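**Student:** Chain order of the listed sequences is D and P. Using this note's numbering, you'd call the opening residue of the first sequence number 1 and step up by one each time. Using this note's numbering, you'd call the opening residue of the second sequence number 1001 and step up by one each time.
A few of these clues could be false.
Simulated DEER-style distance windows between Cβ atoms [stated by the list, open to error]:
no.	chain 1	residue 1	chain 2	residue 2	range
1	P	R1195	D	S169	15 to 25 angstroms
2	P	E1176	D	E25	39 to 49 angstroms
3	D	R195	P	Q1081	27 to 37 angstroms
4	P	I1200	D	E146	28 to 38 angstroms
Here are some chain P residues the structure puts well away from chain D; computed CB gaps all over 12 angstroms [claimed, not checked]:
no.	residue
5	G1107
6	R1162
7	L1175
Derived by calculation from the structure, the hints in this document are not laboratory data. Keep in mind the model is a prediction, meaning the values are calculated, not measured. Quick reminder that beta carbons are idealized off the backbone N, C-alpha and C, glycines included.
Residue-level listing of the chains:
Protein chains: 2
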Amino acid sequence: MSKLRLGVFASGGGTNLQAIIGGCERGDIAADVAVAFSDKPEAGALDRARRHGIAAVHVPVPKTGTDGWLEADRQITAVLQEHEVGLVCLAGYMRKIGPALLEAFRGRIMNIHPALLPAFPGVHVQALQLEYGVKVAGCTVHFADEEFDRGPIIIQAAVPVREDDTAESLAARILEKEHIIYARAIQWFAQGRLRLEGRIVRIEGVTSAAIL
Amino acid sequence: MSKLRLGVFASGGGTNLQAIIGGCERGDIAADVAVAFSDKPEAGALDRARRHGIAAVHVPVPKTGTDGWLEADRQITAVLQEHEVGLVCLAGYMRKIGPALLEAFRGRIMNIHPALLPAFPGVHVQALQLEYGVKVAGCTVHFADEEFDRGPIIIQAAVPVREDDTAESLAARILEKEHIIYARAIQWFAQGRLRLEGRIVRIEGVTSAAIL
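Bound-form chain D, shown alone (with noise of 0.2 angstroms):
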């Protein structure tokens, strides 16, 4: 059986890619990033990919709905069919990914978010958690279907608000468990131990996807 092979989508600096590259160069993640995507030229990502000698690629993406983004849409599908991904993983993606997408890769696309969904969808969260006065933070991995946010939870990590946290220091804490989640969850896809029961994720052989 040849080795489960990702295509990584990040807007930003990438430390998930990061993470994600470490875990599959450790042997942590039985799977190999093909290729990192993003939607902005500078992002921090792809350089870091390159780095690594993993081909990274940029697609600008007009508006979303747009005949544009539709045809950006399809050129990345094109691209991980390309580069025979089976695993699609948003780290840090900014965009809303589109139906050629969800389509191809139906079942194949996982996303991080930085809090306990359902609460706190959105940007923005980890200041939103400190705003609201939360005292359990955390971070989510789970499917991505049409809607932001909102697929079915692989796992999820609690994370404990200090008292003197700033915005900084709580998403740097929750950061830490965004890695450790998504490796893990990755590693469960690629072990073939994951399987959808209506809206519910079940794990072979794990006791608890829950990390405290």
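Guided by the hints, dock chain P onto chain D, whose structure is given.
**Tutor:** Using the frame of chain D, we list chain P on its own:
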């Protein structure tokens, strides 16, 4: 300084009331339960109170928003004042609290909720968390205001969802943590360590109010 006197509201069996009574008796909570109140004459909570020699009061509470409801609200408030209650603890109380109570006890009403607010407000949330497929569940103690399940959060505990959980097994695991966090929140209040900063609850001498 005289000891803090608690008024505990429950609509059901009163396991949280029991835990609070136990905490007071053991000295973990520097307070006494002065009165237990229920809208249901048959609530197990009233029996539990009586067995501990605590005043057990039942007032029927008519439909929310009616004149009868407002009258019951005034009656309940008077009962609490007669018993010189310093803190109202809602503990499985299923009715909306009224304006007289809110006015007389502003900033001195706590509620316990079996989910990590702001996720899963409302009722039957242990089953709802399971049906949604979260992997981290939990519970919250918060100050109560006009709206259900929205006031400033004092303390939260995260609880792992197990892959073989039923609504009952998850509810039992959450309930254990409810007892722990409610006792701690009341003790902090009794010690005068809670302070509101906007909607953030600051806790003197505490690093984090997250229980993982």
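**Student:** Output the indices of the hints that this structure fails to meet, ascending.
**Tutor:** 3, 6
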